[in-house]
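Colleague: This is what each chain is made of:
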Amino acid sequence: MPNKAYAKIPGLVALLVLLAFLPAFLGPYSMHMMILVLIYVVIATSWNILVWTHQISLGHAAFFGIGAYTGALIYNAWRLPPYLDMLLGGIFASLSAVVLGVICLRMAPWALAIATLAFAEAMKVLVIMLPGLTEGAEGVGIPPLFGGGEAARTKAYYLIFGIACLSVLLAYTLKRSKLYYAFTAIHDDEDAANMLGINPTKYKVVAFTLSAFFVGIVGSFYAHYIAYIDPHAAFNIHISVEAQIMPLMGGLYTVAGPVVGAFILTLLGEYLRITIKTGYLIVYGIILVVVIFYLPQGLIGLAEKWVKKR
Amino acid sequence: MDLAIFAQVIANGILTGGLYALIAVGLTLIFGVMRVINFVHGETLMLGSYLTYFLFTLYGIDPFLSLPLAICALFVLGVAIQRFFINPVIDAPHLNQILLTFGLVLIIQNLALILWSGNYISMTTRYSAISLKFGPLSVGLTRVLGLIIAVFLTVLLTLALKRTEWGKAVRAVTQDREAAMLMGVNVNRVNMVAFGVGSAMGGAGGVVTSMIMYTFPLVGMLFVLKAFAIVVLGGFGSIAGAVVGSLILGLTESLVTHYVPRGSGWAEGVSFAVLVLILVVRPKGLFYAE
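Chains as they are written, first to last, in the working numbering: chain A, 1 to 310; chain B, 1 to 290.
Rather than coming from a laboratory, the hints here were simulated on the basis of the structure.
Every residue gets a Cβ at the ideal spot worked out from N, C-alpha and C, and that includes glycine.
One or more hints might be untrue.
[As the list claims (entries may be wrong)] Derived contacts from chain B toward chain A, CB cut-off under 10 Å, selection only:
(1) L58
(2) F85
(3) A112
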């Protein structure tokens, strides 16, 4: 439906322009929140790519953490340019996804779900227990990105803005490529896909690797931006949970869904964290249950239904 | 190598393994019947643990008297969760089911955090400090009692699965849900009771953990990850596999803790290493029934 696609363009351009000029209007705290929002846009968008093959990961924190640690350690050792360092974070995360994927993606979906959860926990133990390499539980400090300060924050915002655009563009391009048909063919009927000459495992590994790549990049970005990383922040199960809830709330299987989910939930999460303090994650739990029962198509699905009715 | 120390390490491993078995058996039962990844299982343990703690500190009720109470309470809760939350999505994609149980975990866990705070609490009974001596071995009485509870309940469940009509129905559904349905098995009822029984086993696990360690809102998460590793290790849905898997994990953790430098830190990762290893070598688990 080309008409419908073109109809979205003005809104999209307006959104991009708004985001591009945002630093002119926002104070330091709001800028920080927007950077976090964009980090989660990348994580949610990447996680959602895997869902197209009907696999789910419960441990995307592993890729975030691997990206963060390779970024921090390599930077401290060689002082590579930060951009290259972030790319390396993405590459290392992808490599670990290939290994894990080849092992687990031949099996039923729950094997990957459990294995990814275990993988993230195992990586945390490994990082804590190898202080010679990783400085253990104390964490690693690195010089702040772009020298620190407010000017650096604005630069960091544009950098993560660019990364977020690239990751959404990747998802969008994938969705329109032949690869997407292979992904969904697996999703609909694995045996049939197999007979038609689509090797399901191969495509699942491809999806898993792509899904890990940008998460590794933002992991490294996060380490540079915060100028410090420790095992509990890097491999935080919270990251894995957010990665699932955001696309689900926005709308699984869509490109816009994870973006919408990341915006709403990052800001809502921060608001709740300040107002409720203890146990604010209960709201996330309620959202999960309500969305699964009443809004399986997410907010995007709800909006589409609403538009059709009018 | 000092044999007395080695014997002690093995004894510790078996005691820990027994506790793991109590938790993993319930989880594997639920998985076998419903093919649902049930993260709520850890929260049944957490609730059983708090129930025991409060009954003891508020009313002076001994943990052993709380055991049947916890089992009944968690059975009812399990049945309710199955009826109102799991059953509506029983034919939905795995993705929805997993995310739903994850959502329930977040709700229960944070409710506990709000109601009872995040503090670690523990109780002291008359027999908490008693330890038994068997030759050179010395083990805490509560841990031995925990093992006895675990063995008793696991044997009881195994007998129920072998001898009762419900047990036969459970095994039929585990093997082939559709065939069981065609043969006139009331699959809905089997599902509900199995979820209740599995949750009750989790609750019993909580009674034991409240005696031998701390109670806190995240205690369930601590065990559920290991229980999943065990269920994969033993083969999804196999009770015998879960018991053997639990012992393997308990023993390995104990050996690593004592014989590896800084072993208590490494032991935390053993279950995950074992899990990945099993997935590589024997993807369907040790005891997978064809």
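Colleague: Let me make sure I understand: some of the numbered hints might not hold for this structure. Which ones are they, in numerical order?
Modeller: Those not satisfied come down to hint 1.
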